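A.B. asks: Residues per chain, in single letters:
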Amino acid sequence: NAGVMQNPRHLVRRRGQEARLRCSPMKGHSHVYWYRQLPEEGLKFMVYLQKENIIDESGMPKERFSAEFPKEGPSILRIQQVVRGDSAAYFCASSPGAGNHGYTFGSGTRLTVV
Amino acid sequence: GENVEQHPSTLSVQEGDSAVIKCTYSDSASNYFPWYKQELGKRPQLIIDIRSNVGEKKDQRIAVTLNKTAKHFSLHITETQPEDSAVYFCAASNPYGNNRLAFGKGNQVVVIP
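Note that the protein sequences, when read in sequence, are chains C and W.
Residue numbers for the first sequence follow this note's numbering, beginning at 1 and rising by one.
Residue numbers for the second sequence follow this note's numbering, beginning at 1 and rising by one.
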């Protein structure tokens, strides 16, 4: 079992560019969560998705950020027109069901906006 | 929403001593409390969790206690080793929040050899 796979591990973008972060959940997991971690901070919930559905996006900024989890392929977190404040580690986690379970996190994507 | 706080922010212990990290939460409906360990530059890893129907859970050198009345839970690490040095995050979730975890800001634990 390869675990939760995220890529790229590191991503550098210039201000105004788009960032695309990918997450493949663990085999058999159909629930995906995205969290953002600023330096020396805890993880902040962004969005929860199931296949083809956004279940909870209460933590997503209203503008520039979007997420999807298509029927085929990985979940994508997309940040348009990046700004320096978007620089952070973005972690994806997956779980097997909707009940309260411990997550398995991926290794994260460290986004740096220059 | 849920608000989780951790204390202290940094904890230094001598190797072999015990470390205790305490978290408080605000939402009385929260019923699931995991702890994560994060080493520098790595992903958070689940090390232990507890549900609200039990007061204590132990796994080798790690234990977690929960006081629902006071709304706090603690991580206990006994016989600390250098490899225990990391940032530890507590979190909480409730049955109505889509398994959404509210994390504390983390505790840096430094084990001094």
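To be clear, the hints were calculated from the coordinates, so they are not data collected in a lab.
Check each hint, because a few of them may be wrong.
Unchecked claim - Only pairs whose alpha carbons sit at most 27 Å apart, straight line, appear in this in silico DSSO-like list of lysine-lysine:
| # | chain 1 | residue 1 | chain 2 | residue 2 |
| --- | --- | --- | --- | --- |
| 1 | C | 27 | W | 42 |
| 2 | W | 22 | C | 44 |
| 3 | W | 68 | W | 57 |
| 4 | W | 22 | C | 71 |
| 5 | C | 71 | C | 27 |
| 6 | W | 105 | C | 44 |
| 7 | W | 105 | C | 62 |
| 8 | C | 27 | W | 22 |
| 9 | W | 58 | W | 22 |
| 10 | C | 44 | C | 62 |
| 11 | W | 71 | C | 44 |
Said to hold, decoys possible - Listing some non-contacts, in silico: residues in chain W with all C-beta distances to chain C over 12 Å:
| # | residue |
| --- | --- |
| 12 | 8 |
| 13 | 14 |
| 14 | 17 |
| 15 | 93 |
Model, not experiment: these values are computed from the prediction.
Every residue, glycine too, gets a C-beta built ideally from N, C-alpha and C.
A.B. asks: Determine for every hint whether it applies to the structure shown.
C.D. replies: Against the structure, the hints:
1. C/27 / W/42: Given pair residue 27 of chain C, residue 42 of chain W holds - Cα atoms ~21 Å apart, limit 27 Å.
2. W/22 / C/44: Given pair residue 22 of chain W, residue 44 of chain C holds - Cα atoms ~20 Å apart, limit 27 Å.
3. W/68 / W/57: holds (14 Å)
4. W/22 / C/71: Violated - the C-alpha atoms of residue 71 of chain C and residue 22 of chain W are around 41 Å apart, more than 27 Å.
5. C/71 / C/27: This hinted pair holds, its Cα atoms lying about 14 Å apart.
6. W/105 / C/44: holds (10 Å)
7. W/105 / C/62: holds (24 Å)
8. C/27 / W/22: Judged against 27 Å, a Cα distance of about 34 Å means the pair is violated.
9. W/58 / W/22: holds (16 Å)
10. C/44 / C/62: Holds, because 15 Å separates the two Cα atoms, which is no more than 27 Å.
11. W/71 / C/44: holds (21 Å)
12. 8: Holds: least Cβ distance 14 Å, greater than 12 Å.
13. 14: holds (25 Å)
14. 17: Consistent with the label, residue 17 of chain W stays out of reach of chain C, its closest Cβ about 25 Å off (over 12 Å).
15. 93: violated (5 Å)
The structure does not agree with the numbered hints 4, 8 and 15 stated previously, though it agrees with the rest.
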